[in-house]
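Participant: One letter stands for each residue in the lines below.
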Amino acid sequence: MKILLAFFSILSLGLCLAAPVLFFLGILPEARFKLALLLASLGWFFLATAWASYRKKKPS
Amino acid sequence: MAERLAKFTSAMDRLYEFDREPVSPDKFQSGGKFAGLFAGEHVAATEFVIGAFFVLHGVTVRDLLLGLLFGNLLAVLSWTLICAPIAVRTRLTLYWYLRKIAGPGVTLIYNIANALLYGILAGAMISVSATAVGLLFGIRVPGLDAVLPTSAGWVAIVFVFGAAFTTMAILGFEKLSRFAEVCSPWIFAIFVAAAVAVLPKLGVERNLGNLWRVLSTKVWNGVAVAGQEKFGFRHILFFAWFCNLAMHVGLSDMALFRYARKWTYGLYTAFGMYPGHMLAWICSGIMVAAIGRQMDPGRMAFEAAGAAGIGAVVLAGWTTANPTLYRAGLALQAITPNWPRWRITLLAGAATTVLACFPVFFLKLLDYVAIYGLVLMPVGAIVFTEHWMFPLLGIEQLRAEKRGWAFNWAVLAVWLGTLAVCFLLPIHLYFKWLPGWFIAAGSYTGLTAIQEGRQRSGRRGPVAGGEAPTATGEGR
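Going down the list, the sequences are from chains A and B. Counting in this note's numbering, the first sequence runs from 2 upward without gaps. Counting in this note's numbering, the second sequence runs from 1213 upward without gaps.
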C-alpha cells in the first residue's frame, strides 16, 4: 500500500510538471492544461497526505 | 524590576527547557534528513514576491544568474563555516548559548526582537496570500508605493486570511500539519509549471531557440520600472547571501545543526538555496514579466497556472505563516507568564493580521529582509567572537553564566552600537551588514578585553582563560 501511494503521489507531481510542457509544445490547449494541472494537484494532495499518514503510522 | 525580570526569564527558560541539554549522539540526524528539511523550508510565499521584484528593479539576466549563483554559494558557506561548526561543538541552541554569554536579560530582549520580526514576516505572507483571493473578488492589489491599506476590501480579505491562519495555528490539527508537509514539493512544482506555461506568451519558440533573447529583452532587460531603484550584480549577490542572514551568520540555525553529525552538513543547505532561492526566484521573475511587470502575486500565478496557481499562493502563505506565528507566539510566551498557548497565538495572530493590512510590508519586502537580518546579525557576530576568538586571545568566556549576570552590558552595548553605526554608514542597506559584522566582532572583543583588564588589575589575580565549551569536552 505504501509503495502504491508513493508511486501514484510522485506520478501526480510528475503530471503537474508534464502538463505545462505539453501546453508549451502546443499539444494541450490552455484550458485543458490548467484543468490537468488542477486535477494532478488534487491527486498529489490526496495521495501524498495519505502516504505521509501511512509513513507516520507504520515506520519502516 | 529585578524580580519582574527574574520572573520573565524563568518563564522563558521553562519554555525552552526541552532544549537545555546538549543533544546526545543517539539523536543525531542523517544528511538526508537535513537535505529534505532545507529543501522544504525555502519555498515560501515570499518567493513569489522576491523574484518578481528583481525584474522590477531592472536586473539584467547575466547579473541575476551570476548574483544568485555566487550569493547562494556564500549563504551555503556561511551555514557551513560559521553556523554549523559552533552548533556541532556546543550541541546547544542559540538561545541557551547566548544565555551563557549575554545573560537571561539580553536573551529576553533578543527573543522579543525576534518575535516582532517574525510577526512582520508572517504579516507579509498573509498579504501575499490575500492578493490571490482578492483577485477573485476584484480587489486590486495596492500600488508599489502604497504604505497604508488602500481599500476596505483589502482590509477585509487580509482579516479573513489572518483569522483563518491564526485559527489553524491555534487548533494545530495533526492532519493539517501532515497536509502542510506535503505542500512544499507541490508549491515548487507549481513555480516551475507556471514559468514554463507563460513562455509562449512571452514569445519563446517551441525549440527554445530564442529563449536567451526573450529572457534578456522581455524579462530581465536591465530597465527598472518607474520608482524602483536599479539593481546590479552586487545587489543580487548580497541579497541572496543575506536573505537568511539571521539563520546562518545570525546563528539561529544552531537549533537545527546541533543534530548534525558533522559541521560539513551545512553544505546540505544547498538543497534549499538553489531550488528555492534560485530556481523559484527565476520562475517568479518570468511570471511577473508575463503580466506586464505588475506586482500582483495572485494574478501572476492565476494567469500562469489557473486555479492551481491561486492555490499555490494561498498555501505557500499559509505553510510559512503558520510556523512563523508559532515561533512568534513561543518568543512572546516569556513575557506573558501563565497564559495558555492559544491566547498567545491569538495575540500574535491578531498583531500579525493588523500588520498585514499595511501593504508596505510586502511591497518593501526586500528592504525588510535586509533589516531583519541586520538587526539580529550583531548577536551572531558576538557569539562567533566569544566562541572562536576569546580562547585565542586568552579572554574569559561565558562570563554572564559564571558570574550570574542578568545582563552582559558589553553585549547589549555592542548590539545597539553596531546597529547605530550601520544606520549611519553611507552605503546601500544591502551592504551594511558586512562591515557591521566586523564592527560588532571587533568592538565586542575590545570592550571585553578592556573590562577584563580592569577586573584583573582590580583583583590583581589571574582570570581563567577559556577553552571553547563543547558538548563532549573535546575540541573538533
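Keep in mind the hints are simulated off the structure, nothing from the lab. Honestly, I wouldn't trust all of these hints.
Stated by the list, open to error - Label pairs and their in silico Cβ distance ranges:
id : chain 1 : residue 1 : chain 2 : residue 2 : range
1  : B       : I1639     : A       : A32       : 46 to 52 Å
2  : A       : A32       : B       : G1504     : 41 to 47 Å
3  : A       : F8        : B       : A1438     : 49 to 55 Å
4  : A       : K3        : B       : P1535     : 39 to 45 Å
5  : B       : D1579     : A       : M2        : 48 to 54 Å
6  : A       : A7        : B       : R1553     : 51 to 57 Å
7  : B       : N1419     : A       : A7        : 48 to 54 Å
8  : A       : A32       : B       : D1579     : 55 to 61 Å
What the hints assert, rightly or not - Okay, derived cross-link-like pairs now, DSS-like style, lysine-lysine, Cα gap no bigger than 30 Å in a straight line:
id : chain 1 : residue 1 : chain 2 : residue 2
9  : B       : K1239     : B       : K1576
10 : B       : K1430     : A       : K3
11 : A       : K3        : B       : K1614
12 : B       : K1245     : B       : K1430
As the list claims (entries may be wrong) - Partner residues aside, some chain B positions facing chain A, computed with beta carbon under 7 Å:
id : residue
13 : A1392
14 : V1408
15 : E1515
16 : P1552
C-beta atoms are modelled at their ideal positions from N, C-alpha and C, and glycine is treated no differently.
Participant: Now, for every hint given, state plainly whether the structure supports it.
Facilitator: For each hint, the structure was consulted:
| no. | hint | in the structure |
| --- | --- | --- |
| 1 | B:I1639 with A:A32: 46 to 52 Å | holds, 51 Å |
| 2 | A:A32 with B:G1504: 41 to 47 Å | violated, 22 Å |
| 3 | A:F8 with B:A1438: 49 to 55 Å | holds, 51 Å |
| 4 | A:K3 with B:P1535: 39 to 45 Å | violated, 27 Å |
| 5 | B:D1579 with A:M2: 48 to 54 Å | holds, 50 Å |
| 6 | A:A7 with B:R1553: 51 to 57 Å | violated, 34 Å |
| 7 | B:N1419 with A:A7: 48 to 54 Å | violated, 35 Å |
| 8 | A:A32 with B:D1579: 55 to 61 Å | violated, 40 Å |
| 9 | B:K1239 with B:K1576 | violated, 40 Å |
| 10 | B:K1430 with A:K3 | violated, 46 Å |
| 11 | A:K3 with B:K1614 | violated, 53 Å |
| 12 | B:K1245 with B:K1430 | violated, 39 Å |
| 13 | A1392 | violated, 10 Å |
| 14 | V1408 | holds, 4 Å |
| 15 | E1515 | violated, 10 Å |
| 16 | P1552 | violated, 27 Å |
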